[in-house]
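Work out the full structure: start from the sequences and follow the hints.
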Amino acid sequence: MELPVKNVSTCELRAVIRFLTAKGLNGNEIHTELVHIYGDKCMSVQMMRWWRIYFLEGRGEVHDEQRAGRPKTAITDDAVAAVKKIILADRRFTIDKILDSMPPEIDICRTSIHTIITDHLRYRKVCAKWVPRLLSDDHKQKRLQSAGKFLDMLEDEGENVYSRIVTGDETWVHHTNPEMKRQSMVWKKSEESAPKKAKIQYSAVLNKLKSAIKQKRPGKLSRKVLLFHDNARLHSTKKTQTLLEKFKWEIFDHPPYSPDLAPSDFYLFPKLKESLGGHHFNSNDEVKDFVKLFFKKQGTDFYKLGLSKLPNRYKKCIQVQGDYVEK
Numbered sequence: 066m067e068l069p070v071k072n073v074s075t076c077e078l079r080a081v082i083r084f085l086t087a088k089g090l091n092g093n094e095i096h097t098e099l100v101h102i103y104g105d106k107c108m109s110v111q112m113m114r115w116w117r118i119y120f121l122e123g124r125g126e127v128h129d130e131q132r133a134g135r136p137k138t139a140i141t142d143d144a145v146a147a148v149k150k151i152i153l154a155d156r157r158f159t160i161d162k163i164l165d166s167m168p169p170e171i172d173i174c175r176t177s178i179h180t181i182i183t184d185h186l187r188y189r190k191v192c193a194k195w196v197p198r199l200l201s202d203d204h205k206q207k208r209l210q211s212a213g214k215f216l217d218m219l220e221d222e223g224e225n226v227y228s229r230i231v232t233g234d235e236t237w238v239h240h241t242n243p244e245m246k247r248q249s250m251v252w253k254k255s256e257e258s259a260p261k262k263a264k265i266q267y268s269a270v271l272n273k274l275k276s277a278i279k280q281k282r283p284g285k286l287s288r289k290v291l292l293f294h295d296n297a298r299l300h301s302t303k304k305t306q307t308l309l310e311k312f313k314w315e316i317f318d319h320p321p322y323s324p325d326l327a328p329s330d331f332y333l334f335p336k337l338k339e340s341l342g343g344h345h346f347n348s349n350d351e352v353k354d355f356v357k358l359f360f361k362k363q364g365t366d367f368y369k370l371g372l373s374k375l376p377n378r379y380k381k382c383i384q385v386q387g388d389y390v391e392k
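Residue 66 is where the sequence shown starts when you use my numbering, and the numbers rise one by one after that.
Below 30 angstroms or equal to it, Euclidean Cα-Cα: the simulated DSSO-like pairs (lysine-lysine) are: (1) 369 to 380; (2) 338 to 362; (3) 289 to 311; (4) 214 to 279; (5) 357 to 281; (6) 273 to 338; (7) 289 to 313; (8) 357 to 273; (9) 374 to 190; (10) 275 to 362; (11) 207 to 336; (12) 289 to 304; (13) 289 to 357; (14) 374 to 275; (15) 313 to 303; (16) 207 to 311; (17) 311 to 214; (18) 285 to 207; (19) 281 to 369.
In case anyone wonders, no lab produced these hints; they're calculated from the structure.
Now the structure itself:
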C-alpha cells in the first residue's frame with residue numbers, strides 16, 4: 066500500500082477539491098479521496114466541506130486573497146459583533162450578503178466571515194437559515210413542547226386543524242438565480258444591488274391578510290384562525306400582539322431557531338427556489354410577476370402537502386429529543 070503524499074500545499078488540496086466537486090462527488094466521497102492520497106490530517110472535514118460549497122457557488126480561485134497591510138483574514142471582536150448583528154437581523158442572508166453588509170471600517174474577507182459564523186458564533190444552516198449549531202436544553206424543551214402541543218391538537222381536532230392554520234414568512238428573491246444541485250444551497254449575489262430593505266409594518270400585513278381570508282376563504286375566520294409565525298421582532302411587538310388579540314386569533318407558540326418545523330422554510334420556499342433556478346430577471350416587476358404566477362399555478366393539494374408534513378416532523382423532533390430535524 067502506498068504511503069500518503071506528504072508536505073502537500075493548501076492550494077493543491079483546494080485544487081483537488083475543486084476538481085472532484087466538478088466531477089460531481091459529494092462531501093463524503095471527496096474526503097475519502099483526500100485521506101486516501103494525502104492522509105487523515107490533510108484537511109478537516111469541516112474545511113473541506115466549506116471549500117466544496119465555495120466551488121459549487123462558482124469560485125474558481127484556490128489561492129488566498131493578497132493585500133497590503135493588515136490581512137483580511139484577521140478576525141477581531143468588532144468583526145464578530147458585526148456579523149452577529151447582521152445575522153440576527155436576517156437569518157437568511159448568505160455569506161456574500163453578509164460580506165456586502167459589513168461596516169466599511171471592517172476590512173474582512175469571505176473566508177473569515179465563514180470562520181466567524183461556524184467557529185465563533187457556532188451557527189449552521191437549517192432550511193437556508195442560520196441557526197445555532199447546537200441547541201440549548203431550553204430551546205430543545207420548547208421544541209418538544211410545541212411538537213407535543215400540535216400532535217395533541219391533531220388528535221383532538223383531526224385533519225380539521227389544517228383548515229384553521231394560517232402561516233407564512235419572508236424570503237429574498239434576486240434578479241439572478243443560479244441553478245442549484247440541492248435545495249439548501251444559498252443564492253449567489255445579484256448582479257444588481259439589492260434595494261434597501263423597507264421598514265415593514267407587520268400590522269398592515271396582518272390587516273391585509275385578514276381581508277384576504279374573509280374574501281377567499283369564507284368561514285375560516287369563524288373557525289378561529291390558528292396562526293403559525295416565528296418569534297421575529299416584528300411578530301412579537303406590542304402593536305402586533307394587540308392586533309392579534311383584537312382578531313381573536315389563536316397563536317401557535319412556534320419555538321425559536323426552528324425553520325425545520327416551519328412549513329414556509331422546509332417546504333414552500335425550497336419549492337419556489339427550485340422553480341427560480343437558472344432564471345434571470347431584468348427588473349423587480351419581472352421578479353414579482355414570476356413569483357405571483359408560481360403561487361397562482363399551485364393547486365390546493367400543493368399547499369396541503371406542505372402542511373401534511375408537519376406531524377412527521379414533530380414526531381421526529383420528539384424522537385431526537387428536541388434536536389434539529391434535517392428531512
